Amino acid sequence: MMNLPILDDITKILFVLILATAVLIITVRTLSSLFNVYSLQSWFIAAVAFVLYLKNGSVVLLSLAILTVASKAFLVPFVMRRIQKSMHIKRDLEFRYLTPIGSILVGTAMIFLVYWSFSKFIPTLSTEELFFPGAVIGVSLALMGMMVIFTRKRMITKILGYLTMENGVLLFSLFIAELPFIIELLIVIDLVMLIVLATVLAFGIDSSIDEFHTKLNSFTLWFKE
Amino acid sequence: MSFLIYALLNTVFIILISPLFVSLIKKVKAFSQGRQGPPLLQTYYSLSKLLKKETVYSTNTSMIMRVTPYINIVCILVASLCVPAVYIPGMAAGFGNIILFLYLLVFAKFFMALAGLDASSTFGGMGSSREMTVSAVIEPVIIIVFTALGLLLKTTNLYEMFRTSLQSSLFINPSTLLISLSLFIILIVETARIPVDNPETHLELTMIHEAMILEYSGPNLALMEMSHAVKQTVLMAVLINILIPWGLTTAPNILTVSISIIAFAVKGVILAVAVGFFESMFAKSRLFRLPNLFMLAFFFSFSTILFELLK
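The listed protein sequences derive, respectively, from chains F and P. Residue 225 is where the first sequence ends in the numbering used here, and the numbering goes up by one at each step. Residue 311 is where the second sequence ends in the numbering used here, and the numbering goes up by one at each step.
Looking at chain F on its own, in the form it has when it is part of the complex:
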């Protein structure tokens, strides 16, 4: 339990870095660097959790930090790299609805929107200084992850979008007092992710979603007499 002002400052620097990784996930085209960026982002979020643990002394935060590092900084990128090796694509160049430039513009607008809407009621919720930036950046990160899901065509980058979204929810939850509920939410999102991962692994991960659909459709023949 420490109450040093430097801890708050470190958290703010980490926020800045998380925001920088968020925009890189939208724009980077090479898959391996995309995984590196995601891994880096998870490190930063784990660091935020650790700094909060130093500040509050809550063991939940420490275990969250350890869990994040173990799963998202090592395990998930490792598995993703394995998948990438097996599917022989190195870059994701296809975008839908929005080009990266458009995505960044929309992302910027979204952050301001989140800021604007949160500024209306957050001051009544919590008096802690870091709660507001944490909430804004967490929710924006989740929304940016959602944008990755619908602007990228390749399945593997879509998964990365899910993961980013989950990181955003995690960051948001770190600053909320009632953790158990949020953890449940996390588990649900993780479950969705797991299902997507499993399905995709089963039905050809190297396809875009349209090809995937036709591939999936061929299996309906099994159920026809």
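Straight-line Cα separation of at most 25 Å, BS3-like style, residue types lysine-lysine; simulated pairs: (1) P:K29 <-> P:K49; (2) P:K311 <-> F:K55; (3) P:K49 <-> P:K26; (4) P:K154 <-> P:K311; (5) P:K311 <-> F:K120; (6) F:K90 <-> P:K284.
Don't read these hints as lab results, they were simulated from the structure. Predicted, not measured: the structure shown is a model, and the values here were computed from it.
Please build the complex by placing chain P on the supplied structure of chain F, with the hints as guidance.
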């Protein structure tokens, strides 16, 4: 009077050190490609060689071609006064104003583009057209970046900015980190470095900056090269003085000034090496993909503004 001393000292220092940074970046790039590269003093040799040669003008050129090198070097040197490298002077009327600084740089660029058109060679015209296209996109971004900088440090005067950043630290203003990323991108774009332009080639397909100065020879070419080098040092100095201003002094005497000169040289060398590595890591990107890079700078400066609001 004291400002005159500052002006003299700063200009001489920046002129002396700029060619070193240019060769250093070339050296780092050569090393990363497994070559030995030119000696560190090569840019000084080339400049002195060019100064001794005669000037050749094409018969199609007008006076624009003749005055541009002088306008260019004067604009950039005056702009360099806004970015102290030796010590931060007291207020001097108009100097250090952000708008003045940016418009001096743009004025020089405008005349360079005119000179590119002036010789009526296709290369020059193409270079000017590309330069103006890129500028038209990057200019609003630069304005936003410097607006964010002004909002962050609560002033529109560069001297005041550096004074504030000298007193604060990364911990007080964490968004300095974001704005530095934007400034780095601006440095890369404005000095025509790799994802935007390749300074090494004279291929018609890729060149932007080199195309515009293709018609120059002798002392005029030396002036153009020099102004490019000084511009690079000036932009590097902005980044250095915002992110790592340590060593820069506000109370000039012989000791503190020499400390800040040495500190600036060391930081400049580190930044030049970083730029060299950055250039080696990327390939030249297509012209239509450039707004991507600019958008990153735009996003980082907007997030800086957001962080200011969140405080």
